[in-house]
Amino acid sequence: MRSVSIIGFGCTTFGEHWDKSFRQLIAEAGIEAIMSAGIEGKDVEALFGGSMASGRFIGQEHVGALIADQLGLNPIPATRVEDACASGGVALRSGYMAIKSGDYDIVAVGGIEKMTDVGTDQAAIALGGAGDQETELFHGASFPALYALMARKHMHRFGTTEEQMAAVSVKNHHNAMLNPKAQFHREITVDDVMRSGYIASPLKLLDCSPITDGAAAVIMCETSKAKKICQQPIEIIASEQASDTLALMNRKSLVETLAAKVAAKKAFEKAKLKPCDVDFAEVHDCFTIAEILAIEAIGFCEKGKGGPFTEQGKTALNGEIPVNVSGGLKGKGHPVGATGVAQAVEACIQLLGKAEKRQVKDAKIGLAHNVGGSGATATVHLFKAAEGRK
Amino acid sequence: MRSVSIIGFGCTTFGEHWDKSFRQLIAEAGIEAIMSAGIEGKDVEALFGGSMASGRFIGQEHVGALIADQLGLNPIPATRVEDACASGGVALRSGYMAIKSGDYDIVAVGGIEKMTDVGTDQAAIALGGAGDQETELFHGASFPALYALMARKHMHRFGTTEEQMAAVSVKNHHNAMLNPKAQFHREITVDDVMRSGYIASPLKLLDCSPITDGAAAVIMCETSKAKKICQQPIEIIASEQASDTLALMNRKSLVETLAAKVAAKKAFEKAKLKPCDVDFAEVHDCFTIAEILAIEAIGFCEKGKGGPFTEQGKTALNGEIPVNVSGGLKGKGHPVGATGVAQAVEACIQLLGKAEKRQVKDAKIGLAHNVGGSGATATVHLFKAAEGRK
Amino acid sequence: MPDGSLPLIWRKFGERYDLDGNFCENCGTAFFPERKVCPNCRRKGKLVARKMPKAGKIVSFTEVFTGPAGFEHETPYFIAIVELENKARLLTQIVDSEKEKVKIDARVEKVFRKISDIDPEGPIAYGYKFKVVD
Amino acid sequence: MPDGSLPLIWRKFGERYDLDGNFCENCGTAFFPERKVCPNCRRKGKLVARKMPKAGKIVSFTEVFTGPAGFEHETPYFIAIVELENKARLLTQIVDSEKEKVKIDARVEKVFRKISDIDPEGPIAYGYKFKVVD
Ligand SMILES: [Zn+2]
Ligand SMILES: [Zn+2]
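Chains as they are written, first to last, in our numbering: chain A, 1 to 390; chain B, 391 to 780; chain C, 781 to 914; chain D, 915 to 1048.
The set of hints was computed from the structure by calculation and includes no laboratory data. We put the CB at the ideal spot given by N, CA and C, even for glycine. It is possible that part of the hints are untrue.
[Said to hold, decoys possible] Derived coverage of chain A by chain C (criterion: at least 3 residues anywhere in the stretch with Cβ under 8 angstroms from a Cβ of chain C; other residues may be distant):
1) 60-71
2) 130-143
3) 158-169
4) 217-231
[As the list claims (entries may be wrong)] Below, a list of computed lysine to aspartate or glutamate pairs in the EDC-like style, where the Cα atoms sit at most 16 angstroms apart:
5) B:K543 x D:D932
6) C:K792 x B:D409
7) D:K958 x A:E40
8) C:K911 x C:E865
9) C:K837 x C:D885
10) C:K824 x B:E422
11) D:K926 x A:D19
12) C:K831 x C:E805
13) A:K361 x A:E302
14) D:K958 x A:D19
15) D:K1028 x D:D1010
16) B:K543 x D:E997
17) D:K1028 x D:E997
18) A:K153 x C:E863
19) A:K252 x C:E805
20) D:K950 x A:D19
21) D:K968 x D:D932
22) A:K266 x B:E430
23) B:K617 x B:E777
24) A:K153 x C:D885
25) B:K642 x D:E997
26) B:K751 x B:E710
27) A:K252 x A:E235
28) D:K950 x A:E356
29) C:K816 x B:E710
30) C:K824 x B:E430
31) A:K181 x A:E356
32) C:K831 x C:D885
[Stated by the list, open to error] With the C-beta cut set under 8 angstroms, the calculated list includes, among others, these residues of chain B facing chain C:
33) D409
34) S411
35) A417
36) Q460
37) L461
38) G462
39) D507
40) V508
Isolated chain A, as found in the complex (with noise of 0.2 angstroms):
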């Protein structure tokens, strides 16, 4: 059986580029990924772009071939992967199937948004188009609604506090003051969140992850080729994705990620691991609700525990399993189609020891987790360091 490690990746600054244009973003990450990977342009066999709306934020479909134009690979076969904010997680799923199928040895994988060329109004629209445009968009259900339907659900059966979802945005812009590329550099406390004024409550501005711009890509390899590519290939250990209906009101739960919970559990079945064995996990928080969701899902605490495990310090850099060290969607940035690639990114730099202020100590096993809409898609993957190292 083949196996896949990634031997190179690139991600640009995440925040509003207003002088970067969709193809100027992803030229960046993808330059630096191919640089990194110390192989040639021409040894890039296939590649695969997540990205959600470009149709909707920049009049632009058919995004796969214009990032292999862009970065000079013509003619190889070029594929647009889109799983609403899960894009990016898919489009690894979909570089690491194309080696395993034997048909590749080597592929680029990016993810991408450029969501500031629309004002705020279209913006909406676009990210709209990840839920239900008949049956929840149609009646004014916003996104943050959709995750509020969530939020308030899990306060109402678990006790769950708006207090404990604000720890998971000042953990996350605590994390992001030390990652040079999050869009954010600013501490925030609880009582920050707790008096932002209300999207849909019980969800407030501080809950919620911005509108950024940004460009992230990995280089895949052949295991056996990787190790004589690269000193310290990051091998995918498990790459699992899972779908739930697309409408929140039709799942069986509102406060169990179904989709999540079913990726998670082939991943660690796949990688013969459990949670506990994880060193460090990017998970999706969207909104502050969503890690939490995220990490019962994953099932790093218990299921309606993840408020007070959060508010008690254990998903922390220094706790007891570090979520987010990132700075995560809230702290980083939220490119849609970019951040399961961006999240695959942090993996890498974690396992290669090279995250200064945020590395997680002796990190050996990380996890990206990555959501689609409401929680209808969802990707795990399971990355390791290179045997050996320090």
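Following the hints, put chains B, C and D with the ligands in place on chain A, whose structure we already have.
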């Protein structure tokens, strides 16, 4: 090395389905495919859905998850792939690689576009996203205009005539008469085409494929397993894809579709076949000139000779190499994301000998050629009938 | 926006005006909106058209202060997931209700309202909303 | 439409007003619009900013009778691919030219015009068009 076969397929009628939604159309095609494969829904392990511009056509992204949901397939992984008008062909290739990777044995592949929920103006903008927004659409280059630039150059270089292009349309309308699922059932003459008004000279209204609603689906299965489930599995003996620059102006040539040429060449090498071994081909005739470029790129005729080759009837149903016996995009209709999958469906029908009045005699090897945009993406698939078929 | 498109509004008449859904006679599950396939029974399912009951209770709710385009003039407004008496669920606005009565498990019933003016030049979208009943 | 967005118009100023592109000093290829990577030389490429020449010739052309949104009032109009004197190519409208002079290999030069009114309430998009010179 694992091999991949098709064991079931389904396709809606193509046309203007005012009364049916995106989700109804794909459910119809998907159910037909699953039923015809003789499997249960629970046997399907993953889903790939091709759709080009659902974000603009129906305000909905995340349609991979939507399709899995509508077919009751949750929690299987569900991925949308998009490479403009080649989204269907790329979805086929994604399903193919997923099975070859060893992660899945049975995969559903769907293609769909619901184009008539918006007006013609909005549809043109949505389709414009297949080309380069910044350097083409911005300057007023509609999609027909891009193909018109290729047509003009082909005429200038090779002496191709408007009548020869018209012959493509006449043939495909004729074939569509024999296909009950086609959008048009109306014979047309070269005169009719010549008298239809210019959209972008030299292309006239009847040189252009229509706006269409429709969906198609196939069930793929690892071949050794397929032989146990299905009496006559159709083997995919090659699946290839290539890219070119997004903008037409940057191509090495305006009269040669390089991505298609590369994909076809690789497909023939892979299958150890030559163009003359192909019994019929479904090619991407979004405009009449596109079919001429296609048969040249694949190698059915010499470069520059596609016009006379068509005019002489060599691509007719009873010709040397029948092309677009289904009616093609021009006669059968062109729901962009569905087209590549619908081509595979036609290949299966022909290779099972079930095409009735449009049956190609003794068809053993079929080819499908799907193009994105003005040629920045191309896929070529080769299909083979089960041994011993009468 | 496709929302304003006539075919879409026309197709959604039964659903949005009359709560038309369907019901699987094999497993007894009600679906709203209607489904083509019963996800529990698949080909064993037997789906028949069924109007949904007009009453139910709130499963969860939120008060939206920043609404999407077409809803700006209505903020703040309540969005809820409602479980109807036959266990089918839908997402809807809660209107005509005292704010403190909008809570989990509150009983609600259907009213008919204008939903939004997403496309000011197009047809107006009407449909169901719900209100709390004591 | 994102076309009307101010950041986009601002980013495209140099390109659309002044034909700013770039040039690879390693292989001698000119790029318009500018590229971040020379597809011929990749990391050996040495890209430097370069204004494109304002003259060239028509590689192919079409007369558009049904234009996309924002261009309806201009039909029929000519679209051409033009090869500039430095071999870089661009797609552009051909204006101010007698119809019978618009043909393959005709010499053209840059003029400056309003491109479209895609977003009637937004800023107007200006840029290059070309005209035939005898
Ligand atoms: Zn049932
Ligand atoms: Zn160069």
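Structure-based check of all given hints:
1. 60-71: violated (count 0)
2. 130-143: holds (count 10)
3. 158-169: Answer violated; 0 residues pass the 8 angstroms Cβ test.
4. 217-231: violated (count 0)
5. B:K543 x D:D932: Violated, at roughly 28 angstroms.
6. C:K792 x B:D409: Given pair C:K792, B:D409 holds - Cα atoms ~10 angstroms apart, limit 16 angstroms.
7. D:K958 x A:E40: 10 angstroms, holds
8. C:K911 x C:E865: 15 angstroms, holds
9. C:K837 x C:D885: 5 angstroms, holds
10. C:K824 x B:E422: Given pair C:K824, B:E422 holds - Cα atoms ~15 angstroms apart, limit 16 angstroms.
11. D:K926 x A:D19: Answer holds: D:K926 to A:D19 is near 10 angstroms, not above 16 angstroms.
12. C:K831 x C:E805: 14 angstroms, holds
13. A:K361 x A:E302: 25 angstroms, violated
14. D:K958 x A:D19: Between D:K958 and A:D19 the Cα gap is close to 26 angstroms, so the pair fails against 16 angstroms, i.e. violated.
15. D:K1028 x D:D1010: 13 angstroms, holds
16. B:K543 x D:E997: At roughly 14 angstroms apart (the allowed maximum being 16 angstroms), D:E997 and B:K543 satisfy the hint.
17. D:K1028 x D:E997: The hint is violated at about 22 angstroms.
18. A:K153 x C:E863: 14 angstroms, holds
19. A:K252 x C:E805: Violated - the C-alpha atoms of C:E805 and A:K252 are around 20 angstroms apart, more than 16 angstroms.
20. D:K950 x A:D19: Judged against 16 angstroms, a Cα distance of about 15 angstroms means the pair holds.
21. D:K968 x D:D932: Satisfied, since the Cα-Cα distance of roughly 9 angstroms is no more than 16 angstroms.
22. A:K266 x B:E430: The hint is violated at about 22 angstroms.
23. B:K617 x B:E777: Holds, at about 11 angstroms.
24. A:K153 x C:D885: Holds, at roughly 11 angstroms.
25. B:K642 x D:E997: Roughly 12 angstroms separates the two Cα atoms, so the pair holds.
26. B:K751 x B:E710: At roughly 12 angstroms apart (the allowed maximum being 16 angstroms), B:E710 and B:K751 satisfy the hint.
27. A:K252 x A:E235: This hinted pair is violated, its Cα atoms lying about 34 angstroms apart.
28. D:K950 x A:E356: 29 angstroms, violated
29. C:K816 x B:E710: Roughly 43 angstroms separates the two Cα atoms, so the pair is violated.
30. C:K824 x B:E430: 10 angstroms, holds
31. A:K181 x A:E356: 13 angstroms, holds
32. C:K831 x C:D885: Between C:K831 and C:D885 the Cα gap is close to 22 angstroms, so the pair fails against 16 angstroms, i.e. violated.
33. D409: 7 angstroms, holds
34. S411: 6 angstroms, holds
35. A417: With a closest approach of 4 angstroms, the B:A417 hint holds.
36. Q460: 7 angstroms, holds
37. L461: Since the shortest Cβ distance to chain C is 6 angstroms, the answer is holds.
38. G462: Hint holds; B:G462 Cβ to chain C Cβ min 3 angstroms, cut 8 angstroms.
39. D507: Where the cut-off is 8 angstroms and the nearest Cβ of chain C is about 5 angstroms from B:D507, the hint holds.
40. V508: Holds, about 5 angstroms.
In this structure, the hints that do not hold are numbers 1, 3, 4, 5, 13, 14, 17, 19, 22, 27, 28, 29 and 32, in rising order.
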